[in-house]
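Participant: Take these sequences, add in the hints, and give me the full structure.
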Amino acid sequence: MVRCAGPTKPALLLLCCLGTWLSAHALSLPTLPPEDLRQILRDLQRCSGKLLSDYKNEVKLPWEMNTQKKYELPCFTPGFEAANNISVILAHLKQIMKCKGSGLNNGDMSYTIQQLEKLRYGDTLEPQVPTCNDTKPFDYKTYILETLEQFSLCMENIPGHSRKGWKTRSKLPCNPR
Amino acid sequence: MGRPAAPARNPEPMAFFAVFRTAFLLAVLSWRTCQSEVLPERLPLTPESLHISINSTLQHLHLQWTVHKLPYQELQMIFQIEISRFETSKVIWMGNYSTTVKRNQVLQWSWESELPLECATHFVRMKSTVDDARFPELSFSSNWSPWEEVHAHTPEQNTDLIFPRDKLVEEGSNVTFCYNSGINQNISCYLDRELIHGEQLYLNIFTFKLNNVPFIREGGTNIYCAVNYTIKDGTVLFVSKVLEEPKDFSCETQDFKTLSCSWDPGVDTGLFFDGQPSQHYTLFESFSGKKKFCEHNNQCNWEISRDLQETYNFTLTAENYLRKRSVNTIFNLTHRVHPKAPDSIHFNNVGATNATMTWKMPALGNYSTLLCQIELHDKENMRQEHNVSIKVNGEFLFSELMPDTAYMVCIRCANAKHVWKWSKWVTRTLITAEAAPSKALDVWRKVKPEKGLHHVTLFWKPLSKFHANGKILFYNIVAKDLDKKSELKLQSIPAPANGTELTLDQGSYQIQVTANNSVGASPASEIVISGDSGNEEVEEQKINGTKDGFLISWKPLSEDRAGYVVDWCEHQRNLHCELQWKNVGPNTTSTVISSDAFRPGIRYNFRIYELSTEKIAYLVENKIGYTQELAPSDSPQVKAINVTSHSFTLSWKDYDTEAQRGFIQGYRVCLKSKATQCHLDSVAELLPDNSTCCEHAINNPKQKIFLVENLQPESFYEFFVSSFTSAGKSPIGTFTKVTTQDEHSHMLMHIILPMVLCVLLIAVMCYWKSQWVKEKCYPDIPDPYKSSILSLIKSKESPHLRIMNVKDCTPDTIEVVNKSEGTKTQFIGIEKPLTESEFPKPANLYLLPAQDFCVPGPCISFVNHTYSESACDSGSCAHTPVPDTAPPCHLELLASPDNLLNTLEKTHTDSLGEIPAGKISLNYVSQLASPMSGDKDSLLIHSPVPVLCSEYKMQMAVPSCLDSPVLSENGSLSSMTLLGQDKHYH
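For the protein sequence lines, the chains are A and B, in the order given.
All the letters of the first sequence, read from the start, carry residue numbers 1 to 177 under our numbering.
All the letters of the second sequence, read from the start, carry residue numbers 1 to 986 under our numbering.
Calculated directly from the structure, the hints in this document are not laboratory data.
Wrong hints could be hidden among the right ones.
[Said to hold, decoys possible] Away from chain B, derived, C-beta distances all over 10 Å, residues of chain A:
#1 Glu81
#2 Ile113
#3 Gln115
#4 Tyr140
[Stated by the list, open to error] Pair by pair, the computed Cβ-Cβ distance ranges are:
#5 B:Lys324 / A:Tyr121: 47 to 55 Å
#6 B:Glu194 / A:Glu156: 23 to 31 Å
#7 A:Tyr121 / B:Glu194: 29 to 37 Å
#8 B:Ser250 / A:Glu156: 56 to 64 Å
#9 B:Glu245 / A:Lys70: 20 to 28 Å
#10 B:Glu199 / A:Glu156: 39 to 47 Å
#11 A:Lys70 / B:Ser305: 40 to 48 Å
#12 A:Lys70 / B:Lys324: 34 to 42 Å
#13 A:Glu156 / B:Asp268: 37 to 45 Å
#14 A:Lys70 / B:Thr99: 48 to 56 Å
#15 A:Asn133 / B:Thr99: 36 to 44 Å
#16 B:Glu194 / A:Asn157: 30 to 38 Å
#17 B:Ser139 / A:Asn133: 54 to 62 Å
[As the list claims (entries may be wrong)] Lysine-lysine pairs mimicking BS3-like chemistry, simulated, CA-CA at most 30 Å apart:
#18 B:Lys324 / A:Lys136
#19 A:Lys56 / B:Lys232
#20 B:Lys241 / B:Lys291
#21 B:Lys542 / B:Lys555
#22 A:Lys100 / B:Lys247
#23 A:Lys56 / B:Lys209
#24 B:Lys340 / B:Lys424
Ideal Cβ placement from N, Cα and C applies to all residues, glycine included.
Facilitator: This is how it looks when you write it as structure tokens:
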């Protein structure tokens, strides 16, 4: 029987958590090599943060204030629902991208959607989401803000990944390559 | 500050006045009340059925009402309208609406509210007044209608706080916003993240106004309100750019099937989030009444009907949510023809000077005649321009073209009746065929006679492209002997070449040169070389050039002449002369020669030839000149010759004046000396180093020698010679130094030379008579060994008798007679030679016998200078026989101190080497018997006087080299002391 003691304990715990998270994804996500999966997650973290930051700067909305949280985005949580959640996120982002007045960088949006598509599993149905034409302008702007905030928050909470320092480089394209 | 007090009055009249006034007012009031009760019954024209509707987007109150019981079919009426906000008492607007009212008509009127109607309840009432001149009896006002209350519809959630919602305005508009704070007292509203301070309008209704709003972004400006940092409501203000009128609206056709209309739309007024789409454009044609919605915002195609409507009147309308803008154009269809570019362009029958071009005009059919513009360009300019009228197919013949020339042909077409727009230019290249060269070559020659031959160098200038008519392939040179009338084809020189060399005899030759291309030869260029060519000599004349060249003039040689040729070398300093020439007409006697190659400071030589009618060239004049003279670049290299005590001569004959950068006008001789003043023929000149020199001027450029006179003997002089041209002097270089000779040196030469000759003559004479002199003056000393006496002694006396050998003697010490106290210096081994002054001259030297001497008494020796001789042979210097009777003295050669010193030095220095045989000298030393006896150590104080030993005892030879007599067997000096007057040597 192996007993963990001393400073190795937190490291082992972190490893276990990350391993569990990745293995959980491995069950629900397409079978990607672990390194590819990590790279996609890193890209999504970076892009989600950049999209939110750019949008706040462009649309001049009060991001320091709370919105009324009319729209809820499923978080990027592990488990068998991950694939479904990714489909929901994809539906929102695709709809936002269609909206001409979003002010978001098309390249960044395309790359983010492209990365999410890699994680999409099977032909899951995309839900109905608010459209640009059917929603009042201020509400749609708020909707985009809420969606991007939630998406960014979800990606930030993925264990083992950090996007520190990305705000300072937000003018760089989201696509690293 | 108060007013001044009023003066006191009587109280009784004041009380009466007050009572009367009150009674009068009561009477008037009762009369007015009576009247108002009577009028409603008399005037039933009050507006009725007032209905108010709201257009929130436009913020309009729309009023509808009727007027019942109109007494006439129609009446001109004025309606006075009052609008209140929040309460009926808060009237915010009053106004009149004048109109003609018909019986049973529903009247309408709208009012635009500045404040969004959702923010407040509005009340409206009105009354009418008949204002019709036809019915003056009806000219009174009706009663007010009752107040009508109106409130805008708000969304069912009733969460909206800010109004107006998503309003669209044009740039520069004023917009009033209002928000209802409700129960939230800490509500704050923002405009694009900036806090807005609203003005309280009524209870919880706040308002703020934006004046002259700018366009910020297509997504609109965000306005939102938040409570406790939570956004409660927001709206977007869409500010549209002002729709512009389309510019440059025009229509044209390229094929009579479609009219293409285009315009400049100006700014795009489209906004995002369905705030407003981009403006759209509509085309309306009034004659046909047709209308078309344009798909693009800058152009629209219109189908031309088959009946070819002749005139069109188009109205283009740009429209967005806020505004319409229209422009109009009316035109005749044939005036709006813009043909397509010509195609199928071909060149046929291309010759050297002409070619035919054909082309087609697409798609216009036979509806109109076209005017085509054709331009012919060569590399530099447009050469030809033609206009051709065609229907469909065009053809044009180009003539007067240059052979072998590339032309650019440009063609475009337009409607011949009315040029609206030309088609695009179409460009094609036309290259004409070659033709034979059209001009004879410009030929010139240089003739150099040598050894009975003429070396002729021919030069020619290449033909211009204009005259070459094609690529020159080769040049033919044909020489014809004019004396023998025979023709000789000499050379065919491939191009490119601009000259050749011929060697001809001294006869007269006619030389023809032609240039040839693929088609043929150029006209022949002739030149005649006569027997005298190259031998002409004429005097050089100087000319002055300018920056623009040289003006050259000459005098004709003869009346019958074909012209003149002026030739020169363009790069004179190069070994290879690039011969240039210029042809001048027969009646011209001057010309200007100019060239970009001319440089300042270069001498150019121009030779003017007159050409006879037989093409023979005669040298007329020879001129030299500079475009600009410069100062010489180098100074003469000067030699000083014939240096005497009072003069010397300067010479610079090698100085090449022709190679200088200007005509040498003379020289300046600059002489520096210790003398402070210059001679009269020179002037003092300040040099760059602030020193001065005496400058002598030589103004004859041919004088290359200069005598510098009036100098001091044995003095130091420096000189420098510079040349000068009209532009200045040559640079000053290094001064050459000269020292004059001694004044008496020549006198010495006059004396010494004869003396030397005399001495030589005597020496020769002496040598010649030396045997005689020797016999007379100092005959040979007899050799005792060879003496007959010796044989007699041997035979008659004791056999023990023999000759003493010098080696058997022990040398004596030498003591100085005049001994004085002084330092004793060891002579032997002294490395430093003694000078003459250091070495005392002895009065006499004496050899004193040693203690163990074989002879009891000492003897005194002296030098016999008479017997000094410098030649001896080695045998005589070896062993000298000495008779037994002779004192056993070892005698040395004792001569002057110099001799002695030399001898010692030689001994010291030559001890390591051989002594040359020739240097051995033979000295004769006479030895006298000493009359003195006694202490052998006693010094001789007085001069030795031979007394008893005065008779001749012996003469013996001692070699001056001192080797044998002085050196011991081991080669060392045995014992010798030199004694001087003051010094004592051991």
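Participant: Hints first: check each against the structure and report whether it holds.
Facilitator: Evaluated hints:
no., hint, result
1, Glu81, "holds (30 Å)"
2, Ile113, "holds (20 Å)"
3, Gln115, "holds (26 Å)"
4, Tyr140, "violated (6 Å)"
5, B:Lys324 / A:Tyr121: 47 to 55 Å, "holds (54 Å)"
6, B:Glu194 / A:Glu156: 23 to 31 Å, "holds (30 Å)"
7, A:Tyr121 / B:Glu194: 29 to 37 Å, "violated (46 Å)"
8, B:Ser250 / A:Glu156: 56 to 64 Å, "holds (59 Å)"
9, B:Glu245 / A:Lys70: 20 to 28 Å, "violated (43 Å)"
10, B:Glu199 / A:Glu156: 39 to 47 Å, "holds (43 Å)"
11, A:Lys70 / B:Ser305: 40 to 48 Å, "violated (57 Å)"
12, A:Lys70 / B:Lys324: 34 to 42 Å, "holds (38 Å)"
13, A:Glu156 / B:Asp268: 37 to 45 Å, "holds (39 Å)"
14, A:Lys70 / B:Thr99: 48 to 56 Å, "holds (50 Å)"
15, A:Asn133 / B:Thr99: 36 to 44 Å, "holds (42 Å)"
16, B:Glu194 / A:Asn157: 30 to 38 Å, "holds (33 Å)"
17, B:Ser139 / A:Asn133: 54 to 62 Å, "holds (58 Å)"
18, B:Lys324 / A:Lys136, "holds (26 Å)"
19, A:Lys56 / B:Lys232, "holds (18 Å)"
20, B:Lys241 / B:Lys291, "holds (27 Å)"
21, B:Lys542 / B:Lys555, "holds (15 Å)"
22, A:Lys100 / B:Lys247, "holds (28 Å)"
23, A:Lys56 / B:Lys209, "holds (26 Å)"
24, B:Lys340 / B:Lys424, "holds (7 Å)"
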